[in-house]
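Residue numbers (the numbering used here), protein chains in the order written: chain U, 5 to 432; chain Y, 41 to 177.
There could be a bad hint or two in this list.
[Claimed, not checked] Straight-line distance between alpha carbons at most 25 Å, and here's what the computed BS3-like set of lysine-lysine pairs gives:
id : chain 1 : residue 1 : chain 2 : residue 2
1  : U       : Lys37     : Y       : Lys44
2  : U       : Lys26     : Y       : Lys154
3  : U       : Lys16     : Y       : Lys44
4  : Y       : Lys48     : U       : Lys16
5  : U       : Lys37     : Y       : Lys60
6  : U       : Lys6      : Y       : Lys44
7  : Y       : Lys116    : U       : Lys11
8  : Y       : Lys159    : U       : Lys39
9  : U       : Lys39     : Y       : Lys154
10 : U       : Lys26     : Y       : Lys60
11 : U       : Lys11     : Y       : Lys60
[Said to hold, decoys possible] The following residues of chain Y were derived to be distant from chain U, with all beta-carbon distances above 10 Å:
id : residue
12 : His51
13 : Val66
14 : Ala67
15 : Ile160
Hints were generated in silico from the structure; no laboratory data involved. All figures in this text were calculated on a predicted structure; none of them were measured in a lab. In this text, a Cβ means the ideal position worked out from N, Cα and C, and glycines have one as well.
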Amino acid sequence: MKIDIDKLFRNKINGAKPNVPKEIWFAVEAELKRKQLLRFLSMFFGVCLISLTGYIFLFSKIEKTPTIKIQKATSQEKLISLPQKKSPEKMLPLTTKKSDLHKASFPKKYKKNYSKKSFASLSDQNNKPSKETTFFEEKVKDTVVEKQVKKIDSLVNNLDNLVDDLKNDLKKEKKKLIKKKDSIDVAKFNKEKRRRWNVIPVFGISNSGRFSKNVSTLGTLRAVTYPNEYFDDNKSSGSISSTYGFNVVFRATNRISIQTGVFSKELRFLTEDLFLSEFIPDVNPTNIIYNPGVEVRFSNTPEIGGSESANLTQTIVYMEMPFELKYRMFGDSKFNTNIVGGFSFLYLNKNEIRAKTNMFSRKIGKASNVLTTSTSLNIGLDLEYHLSNRLVFNSAVMYKKHYNTYKDFNNKYSPYNVGMHVGIGYKF
Amino acid sequence: MIFKDIKKFKHKGSFEGWAKRVTVNVALQKFRKKSILKFDKIEENQLTEEEITVDVDEENISLSFLLSLINELPPKYQLVFNLYVLDGYSHQEISDLLNISTGTSKSNLFRARKLLQNKINNSKINSYENRHRQVIS
Numbered sequence: 005m006k007i008d009i010d011k012l013f014r015n016k017i018n019g020a021k022p023n024v025p026k027e028i029w030f031a032v033e034a035e036l037k038r039k040q041l042l043r044f045l046s047m048f049f050g051v052c053l054i055s056l057t058g059y060i061f062l063f064s065k066i067e068k069t070p071t072i073k074i075q076k077a078t079s080q081e082k083l084i085s086l087p088q089k090k091s092p093e094k095m096l097p098l099t100t101k102k103s104d105l106h107k108a109s110f111p112k113k114y115k116k117n118y119s120k121k122s123f124a125s126l127s128d129q130n131n132k133p134s135k136e137t138t139f140f141e142e143k144v145k146d147t148v149v150e151k152q153v154k155k156i157d158s159l160v161n162n163l164d165n166l167v168d169d170l171k172n173d174l175k176k177e178k179k180k181l182i183k184k185k186d187s188i189d190v191a192k193f194n195k196e197k198r199r200r201w202n203v204i205p206v207f208g209i210s211n212s213g214r215f216s217k218n219v220s221t222l223g224t225l226r227a228v229t230y231p232n233e234y235f236d237d238n239k240s241s242g243s244i245s246s247t248y249g250f251n252v253v254f255r256a257t258n259r260i261s262i263q264t265g266v267f268s269k270e271l272r273f274l275t276e277d278l279f280l281s282e283f284i285p286d287v288n289p290t291n292i293i294y295n296p297g298v299e300v301r302f303s304n305t306p307e308i309g310g311s312e313s314a315n316l317t318q319t320i321v322y323m324e325m326p327f328e329l330k331y332r333m334f335g336d337s338k339f340n341t342n343i344v345g346g347f348s349f350l351y352l353n354k355n356e357i358r359a360k361t362n363m364f365s366r367k368i369g370k371a372s373n374v375l376t377t378s379t380s381l382n383i384g385l386d387l388e389y390h391l392s393n394r395l396v397f398n399s400a401v402m403y404k405k406h407y408n409t410y411k412d413f414n415n416k417y418s419p420y421n422v423g424m425h426v427g428i429g430y431k432f
Numbered sequence: 041m042i043f044k045d046i047k048k049f050k051h052k053g054s055f056e057g058w059a060k061r062v063t064v065n066v067a068l069q070k071f072r073k074k075s076i077l078k079f080d081k082i083e084e085n086q087l088t089e090e091e092i093t094v095d096v097d098e099e100n101i102s103l104s105f106l107l108s109l110i111n112e113l114p115p116k117y118q119l120v121f122n123l124y125v126l127d128g129y130s131h132q133e134i135s136d137l138l139n140i141s142t143g144t145s146k147s148n149l150f151r152a153r154k155l156l157q158n159k160i161n162n163s164k165i166n167s168y169e170n171r172h173r174q175v176i177s
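So here's chain Y without its partners, still in its complex pose (with noise of 0.2 Å):
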């Protein structure tokens, strides 16, 4: 999509930051053809701004384990993590790109984090149990 509208680049900022719009609207065009993007709406109750943490050693965990875990995330929850977290997005941004409101984004990321915490922590518990049986084995 880059290559074929790159005659539509205007010299209006960088090219790095128009290629990334690119392809974030193209990502966006093809889940919403896909009708997966029902947000939930948002409840009061869940609007938190708590610090969500997970008690790792940040140098034994792998990327391909992170990866899959956002993969296994809902799209709703994964499109908005993915947006606010690694590409940098506010929640206006993401509420104006998604055409939800700010409340949504929060709501939806909120839970993203929790579904990931749980994730990472359950994945510890898992490990420490393999490990146990391989010892007592």
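Just chain U, with the same shape it has in the complex (with noise of 0.2 Å):
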């Protein structure tokens, strides 16, 4: 007999299983439902019974302790309620004025906050119904406050010690987790010591200034035809140069790297309306070595005989080596910022003065006063970004100070130089 498969497991199996009558199921469901609120009802009378608690201790501490309202003294309710406690005293015939209220003992500081006025309001209010106050019932208000102004102070001391626990134990803690960061970082730093020295070839370009204005180094240019008249000193600005060359960098620690290098360091500065004029010897004293043959001269004015005007571009090349150290301020295994600090020693390298026309841009002479070896002070921020082990992206901002430049000048003259670099470098 041909059957369906379905229908012959189904048949099957379903009719094998265990029949449950269904009364049990509903049996369960009325259990669980019963079960869920009892549970319902307990965390009711629960909550109940835990407010009410709750509340009759308030309203306890609330009885024993004295409210105090105070209100602004333009208003005529002030009050200071205290609880009346029942004693022997209560008992004694002995009555007091409300004068005498004010020679009951009270603590100073207190004494100040509340004025006579709302003190014998007070004992009006708490005294209704029989007007009169013994004496020894304000002794016994009196001690209950002073009782409850040390509970209190000791609270505040206590709250006082608390906080500064927790403020010590927090520095505690935050010193804790720095010195952890440390030692993970020196862990660190242990694994990679293999890797310590990093050489990276830099490029980068740098803007020099000066912060004298309308002074130019080149010394005070006057006219060649009336060489008696000087002339207002020509303003010079610096031009975008370029820097090359590649730094060598030692981590000492997992923090502190000493790096050093060799740089190509260019500075330029255009001084711009000026005038060439036909040369005149011995009239035109300037800081300016001509070089032999060339029959103009530099001049801030035009001159009888014919002038053409020009600009005057100076470079200055030094070869650069610095020696500075640099501080990891934060990061992580693959980015690093670094404060950079120290210093360079500079080499003259190039010094030329060029002649820029309209018609022509010709290489005249050198500057006289500018001095063969000088200094810088290096400052700056530099940032690592390890592309791999071995290879580490380096980017630094740089601001250099110059010193010793010019040999008539002092450092005031002396330029500085804004620069940004780049370079890839290689770990070993």
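Hints given; two lone chains; assemble the complex.
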């Protein structure tokens, strides 16, 4: 007999299932509902009980604690309500006047806060039925107040101590965390100890300038035709120039690195609005040494015999050898931010003055007042991004103030240099 | 699991249905953990609604034999077959439970039925051969 396979399995297996009477399921559900209801009721009563206990506790506290209501001075309802304590003294017939109240002992510091009027009104308020207050009653009140004040003082002190303790704990925890972080960094540093050297070929651009304004370090230019007439100093401004070389970094500790290197560093200044005039011997003493065969001279006014307007470009190239310390401020295994500080030795490599007119641009001499060796003070921000275990992308923004650049000028005229360089270093 | 999570029963629907759902879900979780639920992807030609029948006498076939046949099925077929045939889930519900398409559910069910059909037919042949041998001997 052919039978559908689904039907075969369904009939056989479902037929063999123990048939649980429906009532059992209903009974289970009812039992669950009952348990749920019991749980809800017990929770409800629990909450009620806690609330009631809390309320009673608070209420009794309020009863025991003197409530002090102080309103603005203008208000007539100043009052300090104190609990009425039944004491044997109350029964004594000794009575006192309002003025006696003020004589009763009361902590000085609290005396200040509550005016006599308010205190008197307080006593009025509390003694309305009898309109008279016994001396002992007041004594009892004062004692209660004193006790409460002491209690509050001790609580405040405890609170202060607690805050101090918490602060100290927080500091300790912070120190611990810093130590832990440092120890992790040190462990990492020790792990990488083998790759402490980093050589970074770098290329960058910089802009130079001087803090002094309207003073050309090339000296005062004066008219060729009228040698006795001096003019204002010419303004010179820095131009964008390039820097290239390589850095060698030695990682001394996990935070401090020492770096040196060799750079070719160019400073370029432009002096505009000058004139090129014919050569007249010995009448234009500036700080420019003209090349042999050059028969024109710079002046800052046109000459009678004919002049051509020109710009002067001064280029100074140094071979720079920096000695700097790098301190890692923050970072992780991939990215580091360092501050860099140090100094550089500078050796003059190129000293050139070019004249640029509409017709030509030509090297015509050199500055006579530039010293062969000088120094600079360096400070900057350095970023490192680890591309791999060996390769590091490095970028730095540096500010360098030069010293002892010129013979006849003090350091006020020495240039400064702001530049940025990038490079990819190799660690080994 | 039912006793453990009994507090989670919100009295929405019957307790029987809830208990059944928990059982199925726990079983599915177990299967998923073992990563044995790799279902065959749907193939259009396998999507058939044809009725698969077997020629047996229902009275003579035992429950244990049928259960052993189901147990011999690969888990992916076994699961779909149990859910569809024995527990009465629809293909849509199975697809939601197992995170598969309805087509995959249908396909796996079809294969399960075919395997069961073959097994039952083979067992018939074997039993006939056994009986024949007994008569000869």
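Go through the numbered hints given earlier and state which of them the structure violates, listing their numbers in rising order.
Hints 2, 3, 4, 6, 8, 9, 12, 15 not satisfied by this model.
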